[in-house]
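Quick note, the sequences are listed as chains G, X, B and R, same order. Residue 7 is where the first sequence starts when you use our numbering, and the numbers rise one by one after that. Residue 7 is where the second sequence starts when you use our numbering, and the numbers rise one by one after that. Residue 7 is where the third sequence starts when you use our numbering, and the numbers rise one by one after that. Residue 7 is where the fourth sequence starts when you use our numbering, and the numbers rise one by one after that.
Quick caveat, the hints were computed from the structure, so don't treat them as lab data. A few of these clues could be false.
Identical copies go unnamed one by one, so any copy, or any two together, can satisfy a pair.
[Stated by the list, open to error] List of simulated lysine to any residue pairs, SDA-like, C-alpha gap at most 25 Å:
1) Lys-66 / Leu-100
2) Lys-66 / Glu-194
3) Lys-66 / Leu-195
4) Lys-66 / Arg-162
5) Lys-66 / Val-101
6) Lys-66 / Ser-196
7) Lys-66 / Ser-191
8) Lys-66 / Val-104
9) Lys-66 / Leu-79
10) Lys-66 / Arg-86
11) Lys-66 / Val-192
12) Lys-66 / Leu-40
13) Lys-66 / Val-42
14) Lys-66 / Ala-121
15) Lys-66 / Val-211
16) Lys-66 / Ala-127
17) Lys-66 / Asp-46
18) Lys-66 / Trp-197
4 protein chains.
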Amino acid sequence: MIAVEHGSGSDIGRDRLLAFSDAIFAFAITLLALDVRLPDLPAGVTNAQLGDALAQLAPKIFAYAVTFAVVGLFWLSHWRRFQFIAHVDEPLLLVNLVLLGFVALLPFPTAVLGAHGDLPAATVLYVVNLSAVGLLGSASWFVASRRGLVRPDVSRSDELFGLLRGLPVPIVMLGSLALLRFGTSVVELSWLLIFPVQSLIRRFVRAREGPPPEG
Amino acid sequence: MIAVEHGSGSDIGRDRLLAFSDAIFAFAITLLALDVRLPDLPAGVTNAQLGDALAQLAPKIFAYAVTFAVVGLFWLSHWRRFQFIAHVDEPLLLVNLVLLGFVALLPFPTAVLGAHGDLPAATVLYVVNLSAVGLLGSASWFVASRRGLVRPDVSRSDELFGLLRGLPVPIVMLGSLALLRFGTSVVELSWLLIFPVQSLIRRFVRAREGPPPEG
Amino acid sequence: MIAVEHGSGSDIGRDRLLAFSDAIFAFAITLLALDVRLPDLPAGVTNAQLGDALAQLAPKIFAYAVTFAVVGLFWLSHWRRFQFIAHVDEPLLLVNLVLLGFVALLPFPTAVLGAHGDLPAATVLYVVNLSAVGLLGSASWFVASRRGLVRPDVSRSDELFGLLRGLPVPIVMLGSLALLRFGTSVVELSWLLIFPVQSLIRRFVRAREGPPPEG
Amino acid sequence: MIAVEHGSGSDIGRDRLLAFSDAIFAFAITLLALDVRLPDLPAGVTNAQLGDALAQLAPKIFAYAVTFAVVGLFWLSHWRRFQFIAHVDEPLLLVNLVLLGFVALLPFPTAVLGAHGDLPAATVLYVVNLSAVGLLGSASWFVASRRGLVRPDVSRSDELFGLLRGLPVPIVMLGSLALLRFGTSVVELSWLLIFPVQSLIRRFVRAREGPPPEG
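Construct all of the structure, not just a fragment, from the sequences and the given hints.
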């Protein structure tokens, strides 16, 4: 029987997972650039009219920039995680596939939020999609860690940190939905809590670990 | 004469086949995300109207999710197969190209099935495309196996299993067309037979192989 | 001064050229799949109407299949050529970029030919684009050969063959334009001469080389 | 604590940055090929009418060719820069991400310039986007150089040259905006100054370096 279940942790297998993931991240990060385009303007358009037409593209450019930042940061997380994952196997490939499925969707709720950020439905959609990516990031680290695919030089508290690291986004964003009755601006402002929560997690792991090594 | 015919089994050659395949799989898997987009809504749209507009996207999101799952599983098969193929040559590249041609088409019948799943023409189209990918997967393993491109540590029954592994999809799906006069739902339900057929094949190969190794 | 001019023949540099080329080939080969899509049909469409709508997609599917075959074969040539190119430098990167610029255009004349294959303008456009890709393929081998980037185990007659190998497409296709006054079908039929011309070139190189090695 | 901050300069990390960058460059370089397509023409169109329709695509083909050249040269700069960068870390990944964000936008101002090159707004938009890519190229070299990610065999004057190399495009283009009141043609003509400025920078670095090595 082909040794598919146990192992197949060859380098090529990992390289392909990464190449496939990078191609899908690249697709998601650039997708909204397709929307940044001028409509056909009449001949003899003036400079002021062109300026107006460009100004009307501002929400599209904004949605593109936000998608680029968000997908870029998720890509950076993915990159960072796989710096510490030495092997891959089929369960990890499957979790990663589901993660990629939500990554490739990201431009959609971002565009909806860009156009209708004041409406609860747009906010909820955005929160659900980003939280899914965050949770699946932690899930893929969990699978890698459980199945012994992580590099041997990664310590126990490193493994814990890798697991917790992806959680601030879903925790804060899903929690923020409790504030929906105060308006979508309050919800969106509360997302800034992601940063202090991240630093709390970092401190919590460090405290469990004992004093940080010198240097 | 350049040694194109015999060999060229260098690592770079194999890497390129895989990189090219991954880029095309990534294209096919994300294509229907392009369709998941809100139409321009009038200014001052209410939350309920936005919710309705999002709900109308459900079939597009469904088609996207199905394509993601199907292409993802075919990618996983491709990944698994090439874990055991050590070299590539031009005949294998050609079979792989034809396979990719059908993979990149997959979003099309999936979208048709999503919109018109109750009509026989949609079902037939879907069956034909998926079966083609399945058969070409087995064909590429057959070519690799015949031309000695498979890793030397792959046993005879492994090779047989690799060949049979891709067949449940085309066997069940093409066979299901015989049920078309009972309606498309019956046809689609019968696709669940793919799973028991897969496990039958696994048992058949294992039986030929003698008792499974311990551990 | 940074050693850009002489060398930089590191493996990473070559890998990037290939990865970038493969991504552009993948784009070109799949582009026309975007056109293979059903228009929105009215609710309650019958199976016969769906069949008609699918049948009307035949020219799009044909253009997709032809593009897939043509771009696929050009990719195969590119793959084969770079099996024998050990290093890359900036002149080779530039020639390769121009080649890729014509490759990414290929879907356009193919779609035009699919829709208006009976008109001389469509035929000329197609001939010019394919011939450009063929000539630039030979040019990139010429540059690699001249600048000593080819693997040392490639013999002189191999190098010559690599150079001539890309020429049958432009020679036959540009020559076929002389037949335009007999109608586009005659022109298109004459493209079948590509195959005998290829085998003539092969024989010519082999003749210069002396008797083929045994085995 | 996971060693994310210091180092992670593994080869895989660098390979992924390059693969991701190449996929986004490939997207940007081919995007405008999507616009090079014939509208549906009426049945029985004559050859002259098809010729007219093709001629009307000239501005689109021009915009595609310019984008291909510009993105291609930026890709070449990126390629060249990373020939001398041995390791990557997160700050470099971040600068590179911002660079890619502007690269993926490039087709947009190019298409606007192609359609409205005579209007100042189009010219300003184009200048700003290209200058941003140029400056971010220099910034990424600066980050790599400061953080010790550059290959050890790169000399001090090489490092300086790598830094200055990206500046002619933003210096000349941003400076050219001072000429806007003389008309956009004057501005666009002045961009030819990029070439002498590049050669000046080359001389300046060489002068600081002392006599060039023999051979």
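Quiz item: How do Lys-66 and Val-104 come out at 25 Å by Cα distance, when the copy is not named: within, between, both, or neither?
Solution: between (27 Å within a copy, 18 Å between copies)
Quiz item: For the identical chains here, do Lys-66 and Val-101 meet the 25 Å Cα criterion within one copy, between copies, both, or neither?
Solution: between (31 Å within a copy, 23 Å between copies)
Exercise. Tell me, please, which holds for Lys-66 and Val-192 at an alpha-carbon limit of 25 Å: within, between, both or neither?
Key: Cα proximity of Lys-66 and Val-192: one copy only (23 Å, versus 31 Å across).
Quiz item: When no copy is specified for Lys-66 and Ala-121, does a C-alpha distance of 25 Å or less occur within a copy, between copies, both, or neither?
Solution: both (8 Å within a copy, 20 Å between copies)
Self-check item: Status of Glu-194 relative to Lys-66 across identical chains (alpha carbons, at most 25 Å)
Solution: within (19 Å within a copy, 28 Å between copies)
Quiz item: How would you label the pair Lys-66, Ala-127 (within, between, both, or neither) given a Cα cut-off of 25 Å?
Solution: Classified as both: same-chain Cα gap 19 Å, cross-chain 18 Å, threshold 25 Å.
Quiz prompt | Copy assignment of Lys-66 with Val-211, given that the CA separation must stay at most 25 Å | solution = Close neither inside one copy (40 Å) nor across copies (42 Å); limit 25 Å.
Quiz item: For the identical chains here, do Lys-66 and Val-42 meet the 25 Å Cα criterion within one copy, between copies, both, or neither?
Solution: both (6 Å within a copy, 16 Å between copies)
Quiz item: Between the shortest in-copy and the shortest cross-copy C-alpha distance, which are at most 25 Å for Lys-66 and Ser-196: within, between, both, or neither?
Solution: For Lys-66 and Ser-196, only the intra-copy Cα distance (24 Å) is at most 25 Å; the inter-copy one is 32 Å.
Quiz item: How would you classify Lys-66 and Leu-100 at a CA-CA limit of 25 Å: within, between, both, or neither?
Solution: Intra 33 Å, inter 23 Å, cutoff 25 Å: inter-copy only.
Exercise. At 25 Å max between alpha carbons, let me know whether Lys-66 reaches Ser-191 within a copy, between copies, both or neither.
Key: within (20 Å within a copy, 29 Å between copies)
Practice problem: Measure nothing new, just compare the shortest in-copy and cross-copy C-alpha distances for Lys-66 and Leu-79 to 25 Å and report within, between, both or neither. | Solution: Intra 20 Å, inter 27 Å, cutoff 25 Å: intra-copy only.
Taken one by one, the earlier hints fail for this structure at numbers 4, 10 and 15, listed in ascending order.
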